[in-house]
Amino acid sequence: MIKLEKRPQPSKRWTFATPIVAVLLTMFFGGVLFAALGQDPLVTIRTIFFDPLFSEFAWFYRPQLLIKGAPLVLIAIGLSFGFRAGIWNIGAEGQYIVGAICGAAVGLAFYPMESFIILPLMVVAGALGGLLWAMIPGLLRVKFGTNEILVSLMLVYVAEQLLASMALGALRNPEGMGFPGSRNLAQYPSATSWINQSAGMHWGVVTALIAVIFAYIALSRHIFGFNVRLSGQSPRAARFAGVNPGRLILICMGISGTLAGLAGLFEVAGPAGQVSIDFNVGYGFTAIIVAFLGRLHPVGILLAGGLMALTYIGGEIAQSNLGLPIAAIQILQGMLLFFLLAVDVLTNYRITLARKAH
Amino acid sequence: MTEPLLRLWGLTKAYPGVVANKDVSFDIGRGEVHALLGENGAGKSTLVKTIYGLVKPDSGTMTLEGEPFQPAEPRAARAAGVAMVFQHFSLFDAMNVAENIALGMENPPPQAEIAAQVRQVSDQYGLPLDPDRIVGELSAGERQRVEIIRCLLQDPKLLIMDEPTSVLTPQEVAILFETLRKLSRESTAILYISHKLEEIRALCDNATVLRLGQVVGTCDPRTTSARDMAELMVGSTLHVPHKEDKPAGETVLALKNLSAKAPHRFGTPLRDIVLEVRKGEVLGIGGVAGNGQDELVAALSGEMKTAKAMIHYKGQPIGNLAPNARRKIGILAAPEERMGHAAAPDMSLTENAILTAMTREKLTTNGFLHWAKARKFAEGVIAAFDVRTPGPQNAARSLSGGNLQKFVIGREIMQAPEVLVVNQPTWGVDASAAAAIRQALLDLAAKGAAVIVISQDLDELMEISDRFAALNEGRLSAPRPAAGLTVEEIGLMLGGAHDMEVAHVDA
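Quick mapping for you: the protein sequence lines, in order, are chains P and C. Going by this note's numbering, the first sequence opens with residue 1, and the numbers climb by one from there. Going by this note's numbering, the second sequence opens with residue 1001, and the numbers climb by one from there.
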């Protein structure tokens, strides 16, 4: 009989091995899935995981990796604080949208003036937008004990409606021949987040890297990170250690909302360019997978964000070159999280072949 | 010589990595009250589970009244006349006494008949119990009576009792002992498991001492001193805490009509607690669990804030201060629950040192942690309090309960508090470690700190306290000097036997 036996302490080796094993299992079962769809599994896996980096067109795909990876990493870093503390902000997508709307609105308000101050103001507005949207579930949780999972998730749909209203109404491009969507901020020099478009560099990439460094220091060296971890593991011990649970909820929700708002602003002012009905592509949800794939560790999240971006780009290549349906790629991403959580059991448990009990 | 009721011969039971019982042999005679003594992990539970049919021995035999006795399951043991009262009750709160008793029967008779039987047995053995009452409303002592009567209805030849007095007030203990003596006179044998040596001396005819799974001695508890039995149990000379007489110091902590609502549904409100704690004294607070102990610790540690003026420290009102602000001025606490409250199980001992020592040991600068300093502090606690662990990098949950308790208490004492509040400092700790913890608390008081010890173990409180007070339903009795208090006085302070009369036993 196979039995799971709890380890006296989490295995260091498995903490590192889990993501790698999960990726390998995903590749294997993804291959099986693709074979069932009538594709050559080896070619498909190569197309998705290796071509974006090493094929002859890699020069075209590599900047794409930065563009896809940056918002994922930025949002996931923010989420990781709350997730470690047991605060489940599932609505980063909504905070991302509201951050983008607020930031873009500030930029559009200055159009066509040129000034170095415009982008910084947009950044502040984007951060505030995400922060305020995240404070709604945060305050409701602290004041009334509502469930932040449900409230933050539902606010995503509110944000989407708000986005549609903005793209069709207040922020619509007056010179856009009546088409929905705002002016293109990427073509407004004082408002664009691009640093070097052909290299895929924009301020969001820089901010994501800074966020990784700050998160690393906060979690490993600062009492705030200690309190976050303590609250997640033993809420009662955290209160005994003097952590104010309500304040911690607001801070964690605030960090994730702020970073998601920033990610939205940088996206809308660069790669997406304009506030349109559907500029958001679900980064806020994918970032949840990235956060867990990266073990809620800043460096892990950086790597996981890269990997997830890879499956996006590789998926697009597979879609156009091999005719693979987009749903197959989404299944692949889902598999990744599934296997990660499944293999994760081994960090805290070991498998033993128990003798038959009496 | 008459044949014994139960004879154990060479019982051995090994689990992977540990031998729970090794070649255990002893006899229990008819009507004998036999004590089974031993520290935690000495193999007492495995042995009684073997007798009760819950564990199958690897080798060895048992005979009951001369017949081979190999119960395959508790039902078989009960049929043969062996009954057991567990330490943790298995009763349904929402049902009444008679219904609970019926649930444990193979073919329960009608309710009215059970109720009549319960009344009869409860009269006969001086165990007052109303069969129609809902179990949820009963005190711990009354719940235990339900379990005992459930056993007595089977008319057992041998009754096994596992730590029966840990939840009882002294008066309830007296009632229980009268019942057990009466049973013994009616030639029901009793196997009595406990680590409370004075009780065993008062009740038992014979004692078998287990250590590391083996029988290390037998004695007549009526003529052997408690100290000798403890040493037999521990296997080494037991260090008895030494208390010095000293004049009472000035008041450092004063509770002025401390009241607080119950923090949750199963909590106890604190009601008008008035108390002054002086420098250099150990104040013992007794009481049965669930009478406000957790709430009192929370109010003192700062986890539960109260009105500012309800708690004064050196003349300053501090009732509204947060835990770390209290630590800063010198008030430290160690809650009862080690895993998940006093310590975070999945965190290393170094991290658990930071948990409370951050402020006083200055383990942070501008919020940045000094890991090396924290590690050194944790190593200091481990060395000073003899915590058995490979090192401070190990997770708290890898430590045994007693070792973690030493770490938790040591962590607070090493911070040189001016007021230390500890709840159940030696619960689940073996005798030698418990003695070390008590001595450390006395040493702390000798250096001038005020120490509040909350405990259910009255022997412990009498051993180390200068003054004693009792907590009952959130109210604290006026403290009295511990020296010279009698068991009866303590019992009255604890709230009596919850309106129960002492058993009338027919001569």
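Some clues are possibly wrong.
[Stated by the list, open to error] So, partial list: chain C residues that the calculated Cβ filter (under 10 Å) puts toward chain P:
1. ARG1030
2. THR1359
3. ASN1366
4. ASP1457
No lab work stands behind these hints, which were simulated from the structure alone. These numbers were taken from a predicted model, which means no experiment stands behind them. Glycine included, every Cβ here is placed at the ideal spot set by N, Cα and C.
Checked hints:
| no. | hint | in the structure |
| --- | --- | --- |
| 1 | ARG1030 | violated (31 Å) |
| 2 | THR1359 | holds (8 Å) |
| 3 | ASN1366 | holds (9 Å) |
| 4 | ASP1457 | violated (23 Å) |
In this structure, the hints that do not hold are numbers 1 and 4, in rising order.
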